[in-house]
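Undergrad: Respectively, the protein sequence lines represent chains G and U.
Each residue of the first sequence is one higher than the one before, counting from 1 in the numbering used here.
Each residue of the second sequence is one higher than the one before, counting from 1 in the numbering used here.
Mixed in with the good hints there might be a few duds.
Any copy, or any two copies together, can satisfy a pair, since identical chains are not distinguished.
Simulated pairs of lysine-lysine, DSBU-like, Cα-Cα distance not exceeding 35 Å [to be verified]:
| # | residue 1 | residue 2 |
| --- | --- | --- |
| 1 | Lys-262 | Lys-196 |
| 2 | Lys-262 | Lys-87 |
| 3 | Lys-269 | Lys-196 |
| 4 | Lys-398 | Lys-87 |
Think of the hints as simulated: they come from the structure by calculation, not from any bench.
Chain by chain, the residues:
Number of protein chains: 2
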Amino acid sequence: MTSAPNLRLINVRQPNGDMVHLSIENGLISAITPAAQASSTPTHTQSIDAAGRLLFPGFVDAHAHIDKSLLGLPWYHNEVGPSLTDKIDNERRYRVEQGIDSYTQSSHVARRMINAGTTHVRTFVDIDTEIGLSGFDGVMRMRDEMRDELTVQVVAFPQSGMLARPGTVALMEAALRNGAHVVGGLDPSTIDRDPKGHLDTIFDMAARYNVDVDVHLHEPAELGALSVELIAERTAALGWQGRVVISHAFCLGGVDDSYTGKLIELLLKNDIAIMSHGPSGSRAAPPVKRLHQAGVRLCAGNDGIRDTWGPLNMPDMLLRAFLIAYRNNFRRDDELEIALHMCSYGGAHVIGAQNYGLAVGSPADLVIVNGQNHLEAMIERPPRWLVLKGGKIVQSAK
Amino acid sequence: MTSAPNLRLINVRQPNGDMVHLSIENGLISAITPAAQASSTPTHTQSIDAAGRLLFPGFVDAHAHIDKSLLGLPWYHNEVGPSLTDKIDNERRYRVEQGIDSYTQSSHVARRMINAGTTHVRTFVDIDTEIGLSGFDGVMRMRDEMRDELTVQVVAFPQSGMLARPGTVALMEAALRNGAHVVGGLDPSTIDRDPKGHLDTIFDMAARYNVDVDVHLHEPAELGALSVELIAERTAALGWQGRVVISHAFCLGGVDDSYTGKLIELLLKNDIAIMSHGPSGSRAAPPVKRLHQAGVRLCAGNDGIRDTWGPLNMPDMLLRAFLIAYRNNFRRDDELEIALHMCSYGGAHVIGAQNYGLAVGSPADLVIVNGQNHLEAMIERPPRWLVLKGGKIVQSAK
């Protein structure tokens with residue numbers, strides 16, 4: 001990483017309301033002093049007066065699909081059918097027909113993410129026997145080019161099925177050998193029709209390549225709960241506690257309260273994290289507040305951003321926090337805090353961002369916006385006044 | 001209304017994609033010509049080149065509570081309890097303690113609405129035995145002052161209960177005598193504990209003051225369905241078809257499919273409209289697409305905007321259309337159109353806006369924004385480039 005110049009941010013408001021000055025050296029926060037305290041900026045250090053604006057740690061999008069976004073392209077007229085396989089088949093067909101380029105699209109979305117204050121993203125990249133590793137290669141190229149501006153973690157993801165589509169496992173292994181950070185799974189019962197086989201294969205890859213696991217689980221109610229149980233068993237057997245995420249996990253809101261309680265116990269025992277992004281629609285979704293209060297680790301992401309699946313998601317984690325709050329009917333301050341946490345510290349923990357936060361020694365991955373209050377900022381969603389990555393200014397609307 | 005100068009808008013893109021020029025005379029759209037066609041602007045007429053920007057009819061917020069918004073005040077630290085009565089009691093107490101002024105707050109929210117392109121609003125004003133008509137008087141004063149910029153329709157609304165709080169009916173009648181346009185009801189079984197008595201009283205006022213009816217109905221499942229049936233009976237008995245709205249109507253999504261079908265038949269037979277704003281949370285909500293396809297008239301609104309009930313709603317009908325789409329899991333273009341329709345033509349029909357729309361002879365209540373596509377605009381939500389009310393420029397970000 002190229003070294004960013006030293007910098008001083010004066011008069012920024014921390015999430016607790018305190019006004020402080022922040023010193024940044026070698027890309028890290030080197031000092032935090034109360035704004036009331038007189039202090040001088042060393043010569044040769046650039047100083048920026050934030051005039052009381054709000055300071056956030058860089059946002060963490062822990063679940064995106066940036067290889068297949070259509071953002072920046074002409075409006076996609078969506079006439080897709082209602083089922084999950086309608087959407088998967090429609091996408092695979094469209095992508096080939098239109099020659100959607102993973103590198104171009106993921107670069108575009110990454111830029112929009114950075115502009116919105118995202119400093120870390122975990123992205124799922126489709127791997128299948130039609131496109132092979134072309135999507136993966138495009139995202140890895142973007143990742144290398146943008147490494148000073150955005151930390152990108154790549155999941156090898158069998159969107160079109162894995163066991164049901166022979167040849168996919170070999171491609172996923174190739175991606176893992178070539179730098180994918182995480183192995184992804186998908187609806188073991190409803191897509192591959194073989195929950196044991198699917199999850200055994202995923203966890204086997206996790207062990208052999210020493211990577212974390214992140215499983216998309218749309219399966220509802222008791223069917224999804226079976227997958228949660230099978231994932232927990234394999235997490236325990238492999239000693240993979242703290243290294244497994246279940247994404248979406250609609251089933252946690254779709255079984256009765258006591259069964260949800262049992263599943264929560266399994267998640268806690270095996271330190272399995274849940275990704276929930278405040279899904280669209282009315283279907284059951286994880287009870288975020290209950291999970292948080294029980295101590296389950298939570299994260300969030302923008303999922304598919306303006307793609308053939310649907311047009312509604314945008315690459316903005318303040319909007320995502322708002323949607324989590326909206327979908328969970330959050331009204332109280334302490335509830336809104338949960339949504340913000342999922343989009344920052346929660347996600348940082350899940351993807352393993354080291355020393356993440358607003359402490360001395362943390363990387364200077366920072367967002368500054370107008371506003372009187374951090375919670376209000378997720379509702380007003382002002383333009384990002386300043387975004388820093390490793391102390392480097394990567395977005396400025398000053 | 002003061003007369004706005006004549007105006008010509010050139011190169012605006014209609015919702016069907018056509019580029020046109022629009023002539024505005026005496027506050028009305030006087031001509032629409034294809035942009036390809038050569039034409040000249042008469043001398044002494046101001047001309048604005050929209051350069052292909054998107055044209056919408058003014059947005060209609062058919063369900064707001066602007067008298068009690070806290071928008072513009074310091075952040076309200078919300079620690080309210082979970083029940084409906086918690087929220088009602090907390091609000092009544094807070095409003096008195098803090099001296100929240102209806103005129104000031106409603107003026108502030110109205111200005112924000114106008115800036116976001118809303119040209120018509122139906123607002124529910126709390127009337128109770130503590131604050132009497134002070135909230136109502138403040139909104140009516142705002143309404144008179146802003147009549148050139150925003151059409152405001154006022155509902156006399158017994159937020160804290162009506163029969164359960166003796167004296168409320170007399171206050172509501174005073175409001176109706178003093179210019180309230182609509183009589184409002186609220187959860188006949190769960191608040192007043194007397195569905196027959198509540199609705200008889202509401203419809204009796206409607207008949208005596210010759211006003212429309214708009215009933216808040218949060219009651220779930222079969223309990224709410226009872227209220228729908230009772231409302232339909234009274235609509236038929238009074239010949240009030242086309243003059244009744246049921247707002248929220250969560251029960252339409254909370255009973256089984258065949259029962260929903262029967263309720264839809266009742267709504268159609270009595271031409272009762274439904275207001276649904278894509279509610280927060282996961283509870284059952286009206287199946288908007290099914291209702292629309294069945295021919296039930298639909299409208300939407302921003303409901304309580306940043307008040308003691310919750311902080312999430314903002315006075316922006318493009319955001320509202322997005323939230324309706326999100327809550328209903330809309331993905332296809334034809335689905336997104338329903339959400340936009342509810343926030344424009346649907347609401348205009350419900351509140352009785354005459355000649356509303358983008359036709360010759362319509363009032364020049366118009367919104368122009370940047371963008372390539374009208375559906376995309378509800379997702380990108382650009383600043384409103386130009387807003388006109390009766391041909392007068394009321395917001396400009398040019």
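Undergrad: For this structure, which hints from the list above don't hold up?
TA: 4
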